[in-house]
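S.K.: Line by line, the protein sequences are chains A and B.
The first sequence runs 1 to 267 under this note's numbering.
The second sequence runs 1 to 298 under this note's numbering.
Hints listed in this document are in silico derivations from the structure and should not be mistaken for laboratory results.
Beta carbons are placed, not taken as given, at the ideal position from N, Cα and C, and that holds for glycine.
Certain hints may be false.
[Stated by the list, open to error] Distance ranges between label pairs, derived from CB positions:
| id | chain 1 | residue 1 | chain 2 | residue 2 | range |
| --- | --- | --- | --- | --- | --- |
| 1 | B | Ser61 | A | Ile118 | 29 to 35 Å |
| 2 | B | Arg177 | A | Ser110 | 33 to 39 Å |
| 3 | B | Gly102 | A | Val50 | 56 to 62 Å |
| 4 | A | Leu234 | B | Ser61 | 53 to 59 Å |
| 5 | A | Asp213 | B | Arg124 | 55 to 61 Å |
| 6 | A | Phe164 | B | Gly27 | 55 to 61 Å |
| 7 | B | Ala86 | A | Ser110 | 25 to 31 Å |
| 8 | A | Trp40 | B | Val66 | 50 to 56 Å |
| 9 | B | Ser61 | A | Leu122 | 34 to 40 Å |
[What the hints assert, rightly or not] Just a few of them, taken from the derived set where beta-carbon distance is under 7 Å, the chain A residues facing chain B:
| id | residue |
| --- | --- |
| 10 | Ser110 |
| 11 | Arg111 |
| 12 | Leu160 |
| 13 | Met262 |
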Amino acid sequence: MTAIAAESVRRRVPVSHRVPLRRVTQVELRKMFNTRSGFWLIASIAISAVLATGGVILWAPADELTYSTFATAIRFPVVVILPLIAILAVTSEWSQRTGLTTFTLIPHRSRIITAKAISSVLIAVAAMALTFAVGALGNLLSAAVTGTTLVWDVTLTQCLYYVFGMVLSLMTGFMLGVLIRSSTGAIVAYFVLTFVLPTIFGLLATSQQWFQDLQPWIDVQFAQSGLFVFDQALTGEQWANIAVTGVTWLLVPLAIGLGFVMRAEVK
Amino acid sequence: MITVEGVTRKYGSFTAVDDVGFTARAGRVTGFLGPNGAGKSTTMRIMVGLTRATSGTVTISGRHYVDLPNPGLEVGVLLDASAQHAGRTGREILNIAQQYMGLPRSRVEEMLEVVSLTPTEASRRVGNYSLGMRQRLGIATALIGDPRVLILDEPANGLDPAGIRWMRDLLRGYADRGGTVLLSSHLLHEIEVIADDIVMIGNGRIVSQGTKTELLHAAGTVVRATDHYILRRALRKLGIVTSLSDDGALRTDVDPVLVGKVALEAGVALTELRTEDAGLEDMFLELTATSQREGAWT
């Protein structure tokens, strides 16, 4: 091919409007699916939801075959996978160095980060809809197979709590991605934050009386646990716990991370 | 047109780019030449806003890069062909660029054809690409928005000789149609064959800049003949001073055309006649020797 070919395919109409955020978000959403790792990570949500549902049907005691059991079982794989999706959506721009192209085509980095946040939340909500549907199918199936009564023991409000809790987990991953900007580092930090730290806080609370009262205000997992229990409405104090831990563990580090992202050199 | 004015970038006490200023004009290929680590890439990253300048400004057609509403349509950028997600296919990488810029889908296949990537190659993941294929894909990404300005960092790296020739023709055609092309290289020869203007940088500072003819002309002419005594005598008769080097080549300040005419009249067969590029080459080698690691002990 020569320059002649390049000339023959030159774009006819010169248009130059600011790239709308809607379009940036669509592209960012596409970028979460169009790599091999991204595709399988998202596919694994559906796969693990089906596996967890199958597990409940096979092994749960008959009197526990209710919708809440299914929803709770599905939560565990999904709560691990969703934040990974958000982490990789952000960190791949640095670890895979695609940021060199991305931030050249969209020089306002805040718009890319916003688009990534929106598309991560969209995926979380879609994943939640999927898990609720898979859980519902599992519940119907188990009632038909085992002959137990069909129990729908989850209210719409509880479903919304659940989705909100999942979005908070996802945003924790997102925050770590923005703050650390390295896939491995951010994933390790996520596991420390969600599995190691709550264990330490739990031990501290059982051994130290003074910490027991403080725990809901410090331990973010503890504060958010009420969102996932399908039990009762949260009290005002529980919401306050979620708000306070959300600010200290999510918003403040996110703001610091955004400051780095805006200034950092992209190499 | 790209205008770089007094750009400085410091990392702590280290100055990577030191008061760099030049203009890459429309309709011309500007070669940005310098040894590895001279500050070429940093300067190019500053141009497109990936690195902040400590001081100084860069404008592209009179505007700052960040103020361009849809930069891909105005500036084609290739900074590092390897900076792509290994798990994405070549076509998908072009799809992303096409969608960011809001171009018709057909542009992707057109660009694949322009850079000679076959549909099969385009469906493979970039992790399996050779450096040459990545360069072609990077060029396609830079060209897809049909920009008026191209900024390319070491675009010939990894290309085979045919690929280098293709790239040269492509960029030449681009500039001839009125585009601005700025390309960097650490190879003097590469810049020499394609550039109209040369900006040479070493240790973060501009050491020389001008049109290629200006920079090359200053050095005069090198000529070799089957019998250099006759040629030398013929030249001396016209008052042209020559110097004879150990390898038998004659050097003079006058134009090669004149030397050729003199040789014809004197009946001397020439074995070589060229403009001497040693001025630039010497300067470049000197620069390379002081700032490049492998040259430090030679």
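S.K.: Next step is simple, just say for each hint if it's right about the structure.
M.R.: Results for each hint:
Against the hinted window of 29 to 35 Å, the Cβ-Cβ separation of B/Ser61 and A/Ile118 comes to about 32 Å, which satisfies the hint. A beta carbon spacing of about 36 Å between B/Arg177 and A/Ser110 agrees with the range 33 to 39 Å that was offered as a hint. Checked against the hint of 56 to 62 Å, the C-beta distance between B/Gly102 and A/Val50 comes to roughly 38 Å, which is inconsistent with it. In this structure the hint that A/Leu234 and B/Ser61 lie 53 to 59 Å apart at CB holds, the actual value being about 57 Å.
Evaluation of the 55 to 61 Å hint for A/Asp213 and B/Arg124 yields a pass: the beta carbon distance comes to about 60 Å. Judged by the Cβ atoms, the range 55 to 61 Å given for A/Phe164 and B/Gly27 holds: they are separated by roughly 58 Å. Against the hinted window of 25 to 31 Å, the Cβ-Cβ separation of B/Ala86 and A/Ser110 comes to about 27 Å, which satisfies the hint. Between A/Trp40 and B/Val66 the C-beta distance comes to about 36 Å, which lies outside the given range of 50 to 56 Å.
Separation of B/Ser61 from A/Leu122 is about 37 Å and conforms to the stated range, judged on CB atoms against 34 to 40 Å. Among the interface hints, the one on A/Ser110 is violated; its C-beta lies about 12 Å from the nearest C-beta in chain B, farther than the 7 Å criterion. Taken as an interface hint, A/Arg111 does not check out: its beta carbon lies about 11 Å from the nearest beta carbon of chain B, beyond 7 Å. Look at A/Leu160: its Cβ only gets to about 33 Å from chain B, farther than 7 Å, so that hint breaks.
Of the supplied interface hints, the one on A/Met262 is violated, with its beta-carbon coming no nearer than about 10 Å to a beta-carbon of chain B, more than 7 Å.
Going through the hint list in order, the structure does not satisfy hints 3, 8, 10, 11, 12 and 13.
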